[in-house]
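In the order they appear, the protein sequences are chains Y and R. First residue of the first sequence: -8, per this note's numbering; consecutive thereafter. First residue of the second sequence: -8, per this note's numbering; consecutive thereafter.
Think of the hints as simulated: they come from the structure by calculation, not from any bench. All of these numbers come straight from a predicted model, not from anything done at the bench. Cβ atoms here follow ideal geometry from the backbone N, Cα and C, with glycine treated the same way. Watch out, some of these pointers could steer you wrong.
[Said to hold, decoys possible] Derived DSS-like pairs: lysine-lysine, alpha-carbon spacing no greater than 25 Å straight-line:
1. Y:K64 / R:K200
2. Y:K217 / R:K64
3. R:K405 / R:K338
4. R:K309 / R:K377
5. Y:K64 / R:K172
6. R:K22 / R:K309
7. R:K377 / Y:K96
[Claimed, not checked] Pulled a few chain R residues facing chain Y out of the computed Cβ check, cut under 10 Å:
8. Q7
9. D10
10. E19
11. I23
12. E46
13. H120
14. Y123
15. F146
16. E186
17. P190
18. G275
19. S289
20. S319
21. K338
22. G350
There are 2 protein chains.
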Amino acid sequence: MFAEIITIGDEILIGQIIDTNSAFIAQELNKIGVSVYQISSVQDDRAHILKALREAESRSDIVIVTGGLGPTKDDITKHTLCEYFGDTLVENHEVLLHVEEIFKKYISSPISELNRQQAWVLSRAEVLHNEYGTAPGMWIQRNGKVVVSLPGVPFEMKHLITTKVVPRIIEGFKRPFIVHKTMITYGMGESAIAEILEPVEVRLPSEVKLAYLPSLGSVRLRLTGKGPDKDQLNALVQSEANKIKALLGNLIYGEDGGEPIEELVANLLIQKNMTLGTAESFTGGRIAQKITSIPGASAYFKGSVVSYATQTKIEVLKVPQALIEQYSVVSAQVAEAMASNLRALLKTDFAIATTGNAGPTKGDADVEVGTVYIAIASPKRVIVEKYLMGSQRDRVVQKSVNKAFELLQKEILKL
Amino acid sequence: MFAEIITIGDEILIGQIIDTNSAFIAQELNKIGVSVYQISSVQDDRAHILKALREAESRSDIVIVTGGLGPTKDDITKHTLCEYFGDTLVENHEVLLHVEEIFKKYISSPISELNRQQAWVLSRAEVLHNEYGTAPGMWIQRNGKVVVSLPGVPFEMKHLITTKVVPRIIEGFKRPFIVHKTMITYGMGESAIAEILEPVEVRLPSEVKLAYLPSLGSVRLRLTGKGPDKDQLNALVQSEANKIKALLGNLIYGEDGGEPIEELVANLLIQKNMTLGTAESFTGGRIAQKITSIPGASAYFKGSVVSYATQTKIEVLKVPQALIEQYSVVSAQVAEAMASNLRALLKTDFAIATTGNAGPTKGDADVEVGTVYIAIASPKRVIVEKYLMGSQRDRVVQKSVNKAFELLQKEILKL
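Isolated chain Y (complex conformation):
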């Protein structure tokens, strides 16, 4: 069975916001065996929304619409849905009480006419209670198909998808099973891997697809199986995965459910009951930020010194000024000192240090833009690697962060 996602809002079409809602919804639907056929972003425009709804409903069983439910004039989704279903809006008493309660609790001003309208819903809709906001979700069924309307605010939408929409789909629709298996490879390009895997790929069973997902420094291989029998599907995907492993051997660094590498590293640290700190120059705190975005990071992450200025490297990280003068601030020696000193300062088992030049200008050290050093200090030793990461600032930082986690992962596994 298929679903479609329609995100409504001019702000998406002028590029003012990135549509992250669709990826979340697609993930959640996939988990329960619902394939997303198409994602469409359309304007806050009556005719356009109507057309998108018609097209999506003709192709799919479930249409999930987000956005355009706010109280202001540019929000027209509710009225347009009314027109689409030939329905009228009615005031929902429970939603009204909830809106009033929110105003009492957080805004402490009386509820206005505009806010009161948040309680108006399609008469034929089943209301999906939005605990976190004033715009309720709506589940509208017609001729065996469903249109779901959700607010565009990500955390409200997420909560409604998880607690209201997914359970209703599970209850109401028969779905095939979907099994994903992802393997991570480092150090070889997409096409070189594809040539090695050619014999597997030409003989893939029709229920299984293989996709290559290159990202900075790694290629993920994703097998996807889809069918009515879960056990058979698992066996089929596993058997293809085994063939791939036999051909790629050491290139495969891990299997995962698509978790980012910082999560793989976090799990390793937890398993080994060890701790980490970072000393970041040009990565500017991004490594720390990635680690602390995982709930429970305080179990293994003690902190970071973001030593963006040379002076901070000297005064906080105690990198000897003479060392910097001799080798320059972007050097293996300085990276090594940063990692060792941070590890001692924060009393951690591991430390990551980065120093480099992400551009666009040359900065304190006279090295080429894109030159970076990454050091890992472990209880056993300190390693330093040099990389040329190109000339695009964001990309230099992102690639280096990924590389740092990759180096750290290897060092942890070596202990």
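Starting from the known structure of chain Y, fit chain R onto it as the hints suggest.
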């Protein structure tokens, strides 16, 4: 005139990646007066791509297609475009040389048959040289309309949009002017603002639209004008902006081109030739990361101590252990000490400090999840504010980061 964007790839429809390409393309098109009518994400499936192309071309003048140009079997865009245009693929000599050169330089393995196929392009296409990758862009014109095919790798796509696609559109198409003006408000909700602005909104000229863009802690008001005469349009939008300012007064904190607040703060620091450092607990380096994502941050940003563990607050930031024991690690007193001590440690003009509990569990301090303290140390004084940021980890961090920049902005303006 209208454009549409089609992003191709199963990885988008299973939610494995977030489509950031579309927002970038939409932004760039908007700048030159091209409105994006619809964004569609479709599967790596021949029939589906053909249908999406037909629909998009029927509605719009320019269709920009990204993705599916890799060398592996799941990449079918090029063959499908061939079918769509009734064309054949031919080997392009210049692209072949470029692919060979990339292999010589970065991969040092001989070029394979799969990679050789990267040089095959539609015979009727104008090739858009992709300096950074092996898959070239293609510009295909027919009956006054254009289909552009671009690789899905963001930095390759961005470079092609900026240097090849936008100049060709400017040269080949007559476009209206688009003028945006965005004002930032803090401290009042979307609907309350809408009620105040009702008299302006009902009388907006037809060329001008007003949108409300609520985000964590602020609401942006965006006026968009569209028309053939740039000067007249600017005057029209400015006159509406003046009416809004007259009604909202102090609620409006700044005008911008939609820059994030960290950029507004960065510009203030540069203007005043002053410096900043951060002492971050639960924000985990995200403030530092946001600041250093702006090129040139080294002019005003000296660094950060991410003191995630209490021990790091004591040993690196020299927060007295007695203070922590008396008031707890999540307290106004500790936030204040962190800000003052960081400012002294890094010798900066300003320091931001954060301590709080982002959840999901209570952690070292026994305060409610979502309780945060933000302190700003300036040359004149230290201020501390307490907030309850809710129970969603990510949101607590994001709201606090925005709030920290907002508090800093006010303190800088007060000097």
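Measuring from the C-beta of R:S319 to each C-beta in chain Y, is the shortest one below 10 Å?
violated, 15 Å
Verify the proposed pairing of R:K377 with Y:K96, using a straight-line Cα cut of 25 Å.
holds, 17 Å
Can the hint on R:K338 be confirmed by a CB-to-CB distance to chain Y that is less than 10 Å?
It holds, given that the least Cβ distance between R:K338 and chain Y is near 7 Å, below 10 Å.
Given hint R:K200 paired with Y:K64 - CA-CA distance at most 25 Å
Answer holds: Y:K64 to R:K200 is near 10 Å, not above 25 Å.
Taking 25 Å as the top limit, are the C-alpha atoms of R:K22 and R:K309 close enough?
violated, 49 Å
Does the nearest C-beta of chain Y fall within a distance shorter than 10 Å of the C-beta of R:E46?
holds, 8 Å
Minimum Cβ distance from R:E19 to chain Y below 10 Å?
holds, 8 Å
Between R:K405 and R:K338, is the straight-line Cα distance small enough, at 25 Å or below?
Measuring from Cα to Cα gives roughly 20 Å; hence the hint holds.
Does R:Y123 pass the interface hint, meaning its C-beta sits closer than 10 Å to a C-beta of chain Y?
holds, 8 Å
If you take the shortest Cβ to Cβ gap from R:P190 to chain Y, is it below 10 Å?
R:P190 check fails; min Cβ-Cβ to chain Y is 12 Å, beyond 10 Å.
R:D10 as chain Y interface residue, shortest Cβ-Cβ below 10 Å:
Since the shortest Cβ distance to chain Y is 6 Å, the answer is holds.
When you check the alpha-carbon spacing of R:K309 and R:K377, does it fall within 25 Å?
The hint holds at about 22 Å.
When held up to the earlier numbered hints, the structure conflicts with 6, 11, 13, 17, 20 and fits the remainder.
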